[in-house]
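Chemist: Sequence:
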Amino acid sequence: MVDSQYYLPNDIGISALDCREAFRLLSPKEQMYAHYLSRASWYGGLIVLIQTSPESANIYVLLQKMFRAQAPQQLETAATAAGLSAEEYQAFLVYAAGLYANMGNYKSFGDTKFIPNLPKFKALVWESLAFKQSPGDMEALWGCCCESLYSLEDKLKQLGLGEKGISAYFSGNCCLEDAEFAQKFLDSKNLSAYNTRLFKTEIDGKQCYEVRLASGKNEVCCGKHEFEDAVFSVKRGDYAFLMEKVCQNLEKAKDCAANDNQKRMLEEYIRSFTCGSVEAHKEGSRYWIKDKGPIVESYIGFIESYRDPFGSRGEFEGFVAVVNKAMSARFAQLVSSAEDLLPELPWPPAFEKDRFLKPDFTSLDVLTFAGSGIPAGINIPNYDDIRQTEGFKNVSLGNVLAVAYATQKDKLTFLEENDKDLYIKWKGPSFEVQVGLHELLGHGSGKLFVQDDKGKFNFDQTAVRNPETGELISSWYKGSETWDSKFSTIASSYEECRAECVGLYLCLNKEVLSIFGNEGEDAEEVVYVNWLNMVRAGLLGLEFYTPESKSWRQAHMQARFVILRVLLEAGEGLVGLKECTGADGRPDAVITLDRSKTYTVGKSAIQSFLCKLQVHKSTADVEGGRALYEGYSAVTADGTHNFLRLRETVLLRKEARKMFVQANTKIKGSCLLVEYEGSAAGLIQSFVERFPDDAEKVEAQLLEMTWEDIRDSPSRPGC
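Letter by letter, the sequence shown follows residues 321 to 1039 in our numbering.
Just so you know, these hints were derived from the structure itself, not from any lab. Here a beta-carbon is modelled for each residue, glycine too, at the ideal position from N, C-alpha and C. Keep in mind that the hints are not guaranteed to be accurate.
For lysine-lysine, the following DSBU-like pairs were computed, each having C-alpha atoms within a straight-line distance of at most 30 Å [claimed, not checked]:
1) K475 x K504
2) K932 x K830
3) K932 x K870
4) K610 x K745
5) K610 x K583
6) K509 x K776
7) K870 x K978
8) K612 x K830
9) K678 x K776
10) K349 x K574
11) K610 x K678
12) K645 x K572
13) K806 x K932
14) K678 x K747
15) K475 x K537
16) K898 x K798
17) K673 x K526
Okay, the calculated beta carbon distance ranges per label pair [stated by the list, open to error]:
18) K610 x E737: 14 to 22 Å
19) T521 x P867: 44 to 52 Å
20) R340 x A903: 39 to 47 Å
21) D958 x S508: 37 to 45 Å
22) D704 x A903: 23 to 31 Å
23) A957 x N330: 30 to 38 Å
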């Protein structure tokens, strides 16, 4: 019997992101700008299929052909003829919607594979109009993905590297040692891994590595290098067709840009995506930071490294959104207060940036978010050298927050009854505060100690001392080393944990709460629910831990589990966690928080832990940081709490993450917004209509890219 965690439930929450009013208020030129940026984002978003798994693009094309020939309502007739029940057909629609929403057959939040919850998938394909129109093509497509569609072989259950999982960022014969070796090579050439993939072969007994740069320009080889006992080739042209489509639409967007910063930003993005230059993308990001307070906000490229098992390669994403002026005013007030709040953080002044570069911080209504998932807030760019000295931007995605965190009381797990009503009432306001602090003062704080290529230090190495040991600083980042390249596999989760701790710590500040309109008793409820939500999230995080490989599959949830461990360790009854039997007779658990101790025991615990996190990060102390973080990340049956048993309880009572339906834009004289219902059928239809002009060509290119990857990747499953 298949574990239910690998199915998406038929009643999964699916909501439409409402951006109608925001789009209506744009001028015709702004609408056109948003349209072409959205087109660029959607074409680029298809890259995630290639980045996720060998079979994702094949499954996507199979579904697109089926639904282009018959809309979901029409295909239901074929499903009935194929012997599917109404429940089985709904399971098929939910699987298809999940594939589109995650841009692959692995969950974007948790990196676990999901498979169709129906045995008659093949019968439905054979009964479909698409099959009747092109039986040879459809049978070949089915043959390429039918085995991997359902396979739950241990290595295929989750994303990972080597024996720990599957990764399309590397050829199937690569392991962690290969990733580390390739990083050494990239560092030696001052190349970023953000827009690369790595393929390994052996020629005449010598290890040969091919570093593929994402670019529209397709060159056989732009560099061959002997490195230690191996040969590295650097090649442009990964995802070339899609990168060209991105650039074509960015060129059109440039004609509708509001100012020179936007034009120059787009010019640099085009240069980056044409030539595979991360430096050009960084230059574009500099212009993006200078583009203060735009009506239409966007960002595009290889951004977040969460899903690279090594933590260095970025997943493609592109978003386009419209500013919500009322909510943005609150965030602007928080930015204005930042310089007063930063000194409250629990590390010495020398560990803080020399100058706080006031960023844009806006609340946005998302029009388009192409990639594997949609976050609640973002702090970008992720380039350390830019963030440290030139600045960054923060965005909170308002229409995502509005629907993502709505909770029904009967589905609220692991809380006492009297906490549930408070949680439902104050979850939204408390999360708004947490997101604001997490993004602005979490990701936006803290200094990295660096010695550049010329030997110059950005700190006084004769005076700055480690607050934990009292000794002079003895380690730092050198030359081209970055946070991601040094801390690699733990970098993303460690940084999310640091930002979450900043949010918890500073939400105790009355001024912060007042900025968000919370005063008196209301403010206390916001603090209580924010901390309660964090410890509950730590428990829920166990869903994303894999005992077999002793690995975490989701950076944020690992971070929240670590915080739960820290607060449990603080003792004095601050956090209570007990196992019990639920009303349904199944194993259950209850987590509690003593609000009277939040400002004392809780604050002290977070203060101490947060300082340690920052010191290890600032000083490039990988060994100390890894020991600290992996120690708290350990999930065992030992000690006061049997977390392995609690994990089984969490899995038993977990609720599937919501999916979002996004609108399309099209030009018919003027620029029009096309909306869809918040359902599996609506999500499917939005993707069917997303590429109206060249769908078949796009799909043929996706299949070609997949075939080339399988051809060049030993040990990778495929056709």
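Chemist: If you draw a straight line from the CA of K610 to the CA of K745, is it 30 Å or shorter?
Modeler: The given pair, whose Cα atoms are some 38 Å apart, is violated under the 30 Å limit.
Chemist: Take a quick look at whether K678 and K776 sit within 30 Å of each other, Cα to Cα.
Modeler: Roughly 26 Å between the alpha carbons, so the hint for K678 and K776 holds.
Chemist: For K612 and K830, compute the direct alpha-carbon distance and say whether it is at most 30 Å.
Modeler: Holds, at roughly 29 Å.
Chemist: Are the Cα atoms of K610 and K583 separated by 30 Å or less?
Modeler: Between K610 and K583 the Cα gap is close to 12 Å, so the pair holds against 30 Å.
Chemist: Please work out if K678 and K747 have their alpha carbons no farther apart than 30 Å.
Modeler: 28 Å, holds
Chemist: Does the structure keep K673 and K526 at a Cα separation of 30 Å or less?
Modeler: 45 Å, violated
Chemist: Looking only at beta-carbon atoms, does the pair K610, E737 fall within the given range of 14 to 22 Å?
Modeler: 52 Å, violated
Chemist: Check the hint pairing K475 with K504 against an upper bound of 30 Å on the C-alpha distance.
Modeler: Cα-Cα ~27 Å, so holds.
Chemist: Would you check the hint for K870 and K978, treating anything up to 30 Å between C-alpha atoms as holding?
Modeler: It holds: about 27 Å lies between the C-alpha atoms, which stays within 30 Å.
Chemist: Check the hint pairing K349 with K574 against an upper bound of 30 Å on the C-alpha distance.
Modeler: Measuring from Cα to Cα gives roughly 11 Å; hence the hint holds.
Chemist: Can you confirm whether the C-alpha distance between K932 and K870 stays at or below 30 Å?
Modeler: The hint holds at about 24 Å.
Chemist: Falls inside 39 to 47 Å, the C-beta gap from R340 to A903?
Modeler: Once the Cβ atoms are compared, 42 Å apart, the range 39 to 47 Å for A903 and R340 holds.
Violated hints for the displayed structure, listed by number in ascending order: 4, 15, 16, 17, 18, 19, 22.
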